[in-house]
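Peer 1: Could you build all of it, start to finish, from the sequences and the hints given here?
Read top to bottom, the protein sequences are chains C and L.
Going by the working numbering, the first sequence opens with residue 597, and the numbers climb by one from there.
Going by the working numbering, the second sequence opens with residue 597, and the numbers climb by one from there.
Don't read these hints as lab results, they were simulated from the structure.
None of the hints are false.
Footprint (simulated), chain L over chain C, 3 or more residues, beta carbon under 8 angstroms:
{"id": "1", "region": "775-786"}
{"id": "2", "region": "794-806"}
{"id": "3", "region": "822-833"}
{"id": "4", "region": "853-859"}
{"id": "5", "region": "884-892"}
{"id": "6", "region": "895-901"}
Glycine included, each C-beta is placed from N, C-alpha and C at the ideal position.
2 protein chains.
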Amino acid sequence: MSLLTVGTIAFDSIETPFGRAERVVGGAGVYIPLAASYFTDDLKIVSVVGGDFPPDEIDYMVSRGIDTEGLQVIEDGKTFTWHGKYKPNMTERETLDTQLNVLASFDPVLPESYKEVDYLMLGNMTPSLQMRVIDQLKKRPKLIALDTMNFWMDTAMDELKKVLQYVDVLTINDDEARQLSGKFSLVKAAASIHKMGPKYLVVKKGEHGALLFQNSNVFFAPALPLAEVFDPTGAGDTFAGGFIGYLASTEDLSFENMKRAVIYGSAMASFCVEKFSIARLKELNDDEITERMVNFVQLVNFDAKL
Amino acid sequence: MSLLTVGTIAFDSIETPFGRAERVVGGAGVYIPLAASYFTDDLKIVSVVGGDFPPDEIDYMVSRGIDTEGLQVIEDGKTFTWHGKYKPNMTERETLDTQLNVLASFDPVLPESYKEVDYLMLGNMTPSLQMRVIDQLKKRPKLIALDTMNFWMDTAMDELKKVLQYVDVLTINDDEARQLSGKFSLVKAAASIHKMGPKYLVVKKGEHGALLFQNSNVFFAPALPLAEVFDPTGAGDTFAGGFIGYLASTEDLSFENMKRAVIYGSAMASFCVEKFSIARLKELNDDEITERMVNFVQLVNFDAKL
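Peer 2: Structure, rendered in structure tokens:
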């Protein structure tokens, strides 16, 4: 099944307590399809970069089965850059600098061959651009997933609520679920968000794992406790890529399969944080992913003896 | 198997976003044995209260199978009081007032019949008092569990490290595990803490669940997402009581059984937060506990199909 990702591509400059990286490749438009490429090979991307973006990196994406017809390269423009610094707890981070560059005038135009895609993953960006993508589709995908953040709740809540009506899966963190719904209890927040459109709510809690809600069904996926957490940047997008990539490859939207997808997403995210940028994702193989899935089974498996 | 709990008993005054309670019964010395009483009936307690402590509450503890010979009642003294206010996120809290009262001169004297106890749970208190309890034992218990907090790491680290040498299970939160070990990664923190004495480390993460470490074994127990979280006070102690109560009743210290104990602890904690003080624990029955264990199984159960 085809999977279209619409998301930003960036040069990230990152400072963590364990090191720093300068102008490394990042953004949802890279992490999501790359993570998904370990599950399915019918991948498409809509994004924008400047003339400063390395052709090698685009070639690499193509080598992973990612169709880049929808990737706009603005030769006389510069790629979006983000500079952030993590606090010692590695969960909070401070944005030191953002240069929108080519992103400022980004119009996510879908090539003709993208308009009947089966699965759609909308990375975090202006809700009106996410809506613009949906408006170009010729038929409704089997599944639309959307990632967003508190910034859009603060500045564009109406547009966000409009696009949410078309969305099947919403991925946000716990604070954002509370902000969007106005409810403290995540159980109540999920019920409230279901009414806005999304049938499924994935609450990403970083090192504390993720929760999947669908009506009265709840599933909890832990994050794997790791000896080395090097850089959390991109973990949420990598999670989303593993999640929707697994769904697109299995074509099964039952809650049981959604649970597996959440665990695959968590497994992919656990690799992402081990190195800067996409370094760990680039060197990954299927055996390592299976091995990590076994780790997840062991991590939560118990016999209640009831 | 006999289980001795040494812990403070308090009058708590609590403010949460959902309500307030004035001078309600609280403290590790109440929550721990009460939670454990749902698993085992050979319970003993060492603690101290003032003449203002309601005899009815002591009678209730006795009715739950708790031997109160070791409970010192200082007739002309006042019970320890704590006044705290939770922030809107319900995880951070501010202490508004503390009156040590009879706790200031507390000497945890063990009655003769307590000195050969099988299981020992040392609630959070001055490490030197925890050591004083261990010093009075005639034989080593099958298991010693200890709860502590950042305050003792800040003010009495040497005494804490001394008592830890005698401890099998340490229960602390994630920030405290990092502070005690000086390691950011909880995997590394656990390895470091094992070397201090405790063979098992339970990292309590409140609404994010709990982690159990034993050498290379790791187990994750989620917290149940609840529609109503009324008051988190006592949840950590209730967890500890369910955990060690289950172990004392099963007499099985395998990692597999420790996992079940962590889930039972989590189940008991999930009840605790539904009402102020011990109100929910008082009205609980075994069927409700079993039902909640089923909820935990459903919450994390998945078929990886590997």
